[in-house]
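Since chain A is already given, all that's left is putting chains B and C on it; use the hints.
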Amino acid sequence: MIHLITGGQRSGKSLFAEDLALSLSDRPVYLATSRIWDEAHRERIEIHKHRRGNQWTTIEEEKILSLHDFTKKVVLLDCITLWLNNFFFDNGEDDEKSLNEATQELEKLFDQNCDWIIVTNELGLGGHPDNKMAMRFNDLQGSINQYIAKRADLVTLIISGLPLEIKNTIRA
Amino acid sequence: MIHLITGGQRSGKSLFAEDLALSLSDRPVYLATSRIWDEAHRERIEIHKHRRGNQWTTIEEEKILSLHDFTKKVVLLDCITLWLNNFFFDNGEDDEKSLNEATQELEKLFDQNCDWIIVTNELGLGGHPDNKMAMRFNDLQGSINQYIAKRADLVTLIISGLPLEIKNTIRA
Amino acid sequence: MIHLITGGQRSGKSLFAEDLALSLSDRPVYLATSRIWDEAHRERIEIHKHRRGNQWTTIEEEKILSLHDFTKKVVLLDCITLWLNNFFFDNGEDDEKSLNEATQELEKLFDQNCDWIIVTNELGLGGHPDNKMAMRFNDLQGSINQYIAKRADLVTLIISGLPLEIKNTIRA
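Chains as they are written, first to last, in the working numbering: chain A, 2 to 173; chain B, 2 to 173; chain C, 2 to 173.
Please note that the accuracy of each hint is not assured.
Note: identical chains are not told apart, hence a pair may lie in one copy or across any two.
Calculated lysine-lysine pairs in the DSSO-like style (CA-CA distance at most 30 Å, straight line) [what the hints assert, rightly or not]:
1) K64 / K133
2) K98 / K64
3) K133 / K50
4) K109 / K151
5) K74 / K109
6) K151 / K98
7) K50 / K74
8) K73 / K50
9) K50 / K64
10) K109 / K73
In short, the hints are calculated from the structure, not lab data.
One chain only, chain A, in its complex shape (with noise of 0.2 Å):
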C-alpha cells in the first residue's frame, strides 16, 4: 500500500501522516530523510521529534533509502522533498540524473512488502520562481510527485490540516 500526503509548507502534512502511521501500527517506523543544512532546520526537526512518542523506529538515511529492510512495517517517509534536495544539490545541474537515481531508488522501496505512507511537498503554486534554480527544483520535485502518485493506492492533500482526498483506488 502506498498512500502519498502532498500539500503546502506548516499545513499539517506531518501531523496528519504521524496520525495515520499510529492507526495501521503501533511500532511504526520514521524514516528521515533530512541533510541538515542550517539551524532553522534543525530546530524544525526538533520540534518533529518532540512531537514523536517511544512507538517510533526512527531510521535517518539521506540517499539509499533501499539499503533498509521494511519488510511488513509501516514506513512514514517524510520527506520526498528534503530527500530530492540531496539529490539535487548532489548532482549539480544534472536533473535528469537526480530525476532517474530518484525515480529508480522508488522502484526498489515499492517492492518491498510494506505499507507506505509518503510525505512530499505541492509547490510550484506561487507563480514563476525569481531564479532558475528553484524552478529547476520545483520541475523536478513536480515530476517525482506525479511518479510516486501514479504508484500510489491513495493521495491526500492536505489544506489548513484538513485531509482532501485526491485519489482511491482500495475504496472504489
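Frame of chain A; chains B and C shown alone:
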C-alpha cells in the same frame, strides 16, 4: 458558526465571502484588519470597498478584534493574513508570542454568540521562500490556518473563484 | 464546451489536457501561445512537442487567437499564462488594459462553435511575492482565471498529475 474561506492571491476569496455574508444577513459586519502599509495596498482596499454596498457596517481594527461586541451579527473578518501581519511586525522575531496572542484573541472571538465568516490565505504552496522572514511568516500563517480550520464548522478552498468544500460538519 | 485545466508548475496539466483532447478528437488543434523568451523556455516547448504526435495540428499565435477559425474543432489552448504574459509585457504597467484586451479576445473565442480545452496556472498560493511585478501579474492571472472558470462548463485542478473536479455543469 465558523466558516473559513481559504485560497490564493486574487482567487476570488473576498467576493465569495461577501456573497455568503449577504446570503446570511441583510446587515452584515465587515471587520477590516489591515494596517495600511503601501499605496498598492490602499488601492486594493478601495476596490474592495467599492464592491461592497451600503448594507455593510464596517469596523476597522488592527489587532484586538474582541474589543467589539458582535453578538447575533454575521461578521466577515477579511482577512487573517493582514491581521497576523500586524502581530508579526510588532513582535520582532518572537513568532511564538504572535501565535499565542493571535490564538488567544481568536478564542475570545469564537466565544461570542455570532456567525463568523473568516477569509485567510493558503500560502505555503510556492516552494521554499527566498528569505527567512517569508519562511517564518508562512509558518505562522499555516499554524493559525490549522487552528481555525480545526475549530471551523465549514472550510472552503477557493480555486479560480470557485468553491471546493474541505470540511462540513453541519451537513454530516 | 469550455474545459479549464488549472494547476501549478510541472503538475501534469499539459499531459492531462492532451489526453483529454485526444479522447474527444483524433485531429485536435494545439494552439500554442508562447513568445519564446529564453533557452529554458524553448527547451520546455520542445519537450512538449516531442510528447505530442502527428495527429495534432499546431497553430502558433501570441495574442490575437481569434484570427483563426476553429469551427467544429477540439482546440487545446496551452496556456493562458504565457498568452497573458504577452499582453502584460506589451502594455507596460497598464494591467487594466491587459485585462480588457484579454477578456475581449476570450469572448471572441468562446463565440466560436468549437470545444475549448484551456490550460492555465494557479499561481497565487506561494505567499506575498518579493517584487511588485510578480504581484501585479498574479493579480492579472487570478482575474482571468476567475473569468474563464465562471464561463467554463468544466474546471479541473491538477494535483501531482491527478485531476480534482472543481466544477461540472454538464453532469449536474
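>> For K133 and K50, with the copy left unspecified, which applies at a CA distance of at most 30 Å: within, between, both, or neither?
In response: between (33 Å within a copy, 22 Å between copies)
> From the Cα coordinates, with 30 Å as the cut-off, is the pair K109 and K151 best called within, between, both, or neither?
Replying inline: For K109 and K151, the Cα distance is within 30 Å only inside one copy (16 Å; across copies 38 Å).
> Checking K64 and K133: alpha-carbon separation at most 30 Å within a copy, between copies, both or neither?
Replying inline: Intra 24 Å, inter 26 Å, cutoff 30 Å: intra and inter.
>> For K151 and K98, with the copy left unspecified, which applies at a CA distance of at most 30 Å: within, between, both, or neither?
In response: Classified as within; 21 Å inside a copy, 42 Å across copies.
> Given a CA cutoff of 30 Å, do K109 and K73 count as a within-copy pair, a between-copy pair, both, or neither?
Replying inline: within (15 Å within a copy, 48 Å between copies)
>> Checking an output row: K73 and K50, CA cutoff 30 Å. Within, between, both or neither?
In response: For K73 and K50, the Cα distance is within 30 Å only inside one copy (23 Å; across copies 44 Å).
> Within a copy, between copies, both or neither: where do K50 and K74 come within 30 Å Cα-Cα?
Replying inline: Result: close within a single copy only, 20 Å intra versus 43 Å inter.
> What label fits K50 with K64 when the C-alpha limit is 30 Å: within, between, both, or neither?
Replying inline: within (20 Å within a copy, 33 Å between copies)
>> At most 30 Å between alpha carbons: which applies to K98 and K64, within, between, both or neither?
In response: Intra 14 Å, inter 37 Å, cutoff 30 Å: intra-copy only.
> Taking 30 Å as the upper bound on the Cα-Cα distance, should K74 and K109 be classified as within, between, both, or neither?
Replying inline: within (15 Å within a copy, 45 Å between copies)
Of the numbered hints given earlier, the model fails none.
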